[in-house]
Amino acid sequence: MIESNQGLSKTLTPLLLWGLGVGYVISGMYVGWNLGLEQGGTLGLGIATFFSIIMYTAFSFSYSELACAIPKAGGAFDYAYRALGKDVAFVTGLAQIIEFVFAPPAIAIGIGTYLNLEFPQINITTAAIVVYILFTALNIYGVKAAAAFELFITVLAVGELLLFAGVTLPHFQAVNLTRNSFPHGWSGAFASMPFAIWFFLGIEGVANVAEETINPQRDILKGFGWAILTLVVLCVLTFIASVGVSGWEAIVYKAPGVTSDSPLPMAMGHVVSPDNVLYKMLVGVGIFGLIASFHGLILASGRATYEFGKIGFAPRFLGEISPRFLTPANALIFNTLIGIGALLAGKTDQIITFSVLGALMLYIVSMVSILRLRKIEPDLVRPFKVPFFPVTPVIALIIAVVSLIAMVRYNLRLSGLFFAIILVAYTIFKALKSISKDHDQ
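So the sequence shown is numbered by the numbering used here: it starts at 50 and just counts up by one.
If you are wondering where the hints come from, they were derived from the structure by calculation, not from laboratory data.
Just so it is clear, CB atoms sit at the ideal spot from N, CA and C, and this is done for glycine as well.
Errors might be hidden in some of the hints.
Claimed, not checked - Here are the in silico distance ranges between beta carbons for each label pair:
1) LYS482 to ALA304: 32 to 38 Å
2) PHE168 to LYS434: 47 to 53 Å
3) LEU420 to PHE168: 47 to 53 Å
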């Protein structure tokens, strides 16, 4: 594949951006979040989710300012490069790639699990690998087709969550929210933080398609704003409806000591029979919800890796655009190979935690970047300015820092691996840059 002189095609509208923003995240309502209940119980995960909502609301409006002022496919990488220099940008870009590349394997496992519920003869891992290959191919084919498909399945997934709430809420009992609601106290609330963040992880991916948006200065804000509002409403409904049916243990454990990757079907199973059409619809459309996020994050990760390669912070072939499809095909294929390796090697909770570590580092640097850019570039054209500056980005920054500290405290081994990867990659980056500089001289 040769590099094209053409840029990424501009085809995305506000509605497609909303579909991408919600689609990136909506799988967090269907799978993964319930694992936080094992740590925090209803109250512990509820507290963590409350602060996650505050963080993501403040972050989304702050990030919108950056995305509108600097509409580049690299997202946080480009913002850090401009505000804090290439070294911080390298670390930020790598953290962003880790977030976007390691989130899809967890979702792929969820897709395989939902398929296995309906068709027990289907192997979960095999199904996960097949969907990886199919949706990588779709993203290579073209962003408009990919975004249009994302919008379609996102609407279905949102509708199914509303239907799930409508079926389960009539059976809601407040006592189910209060029973064993704080099993490990405040330490459990902190330990559940990755799974509260998982409810919203990926929303920032909207910024990574800024170069493909028809009018980024206007449309990105609309995409972010409506997406975060939609997600907050769905998060609250899903949380209350799922736990309120039969308590948090009923949507965590499928057998004693064995956790489940399908909380919504488990909750629905306490209301209707597995043979009921509503249960089968939940499983069927739930797969679409998982695919929406899976597909959207593949799109975002491709753009993040592409930008890294384009600027020379990764092998140059990753920054090449397919001359036929005008999409970052090499980056997409590379990310898929990493993702398949992750789903073969790790458990769902471990993959989620690893992805969230990358996300939190991205959030922290991005909020520092907006504060720095306001100081060093006061005349930068900002079509949208975050309300209540600097309070809004500072709130997001504080919650992100506390969350990162808590994650390191309760996930020492995974955190050590994460920071070791960052350190080794940065050391190689500096060494190669030094060699290149000496060669030029």
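Inset, instruction - Just pull the numbers of the violated hints for me, sorted ascending. - result: 1
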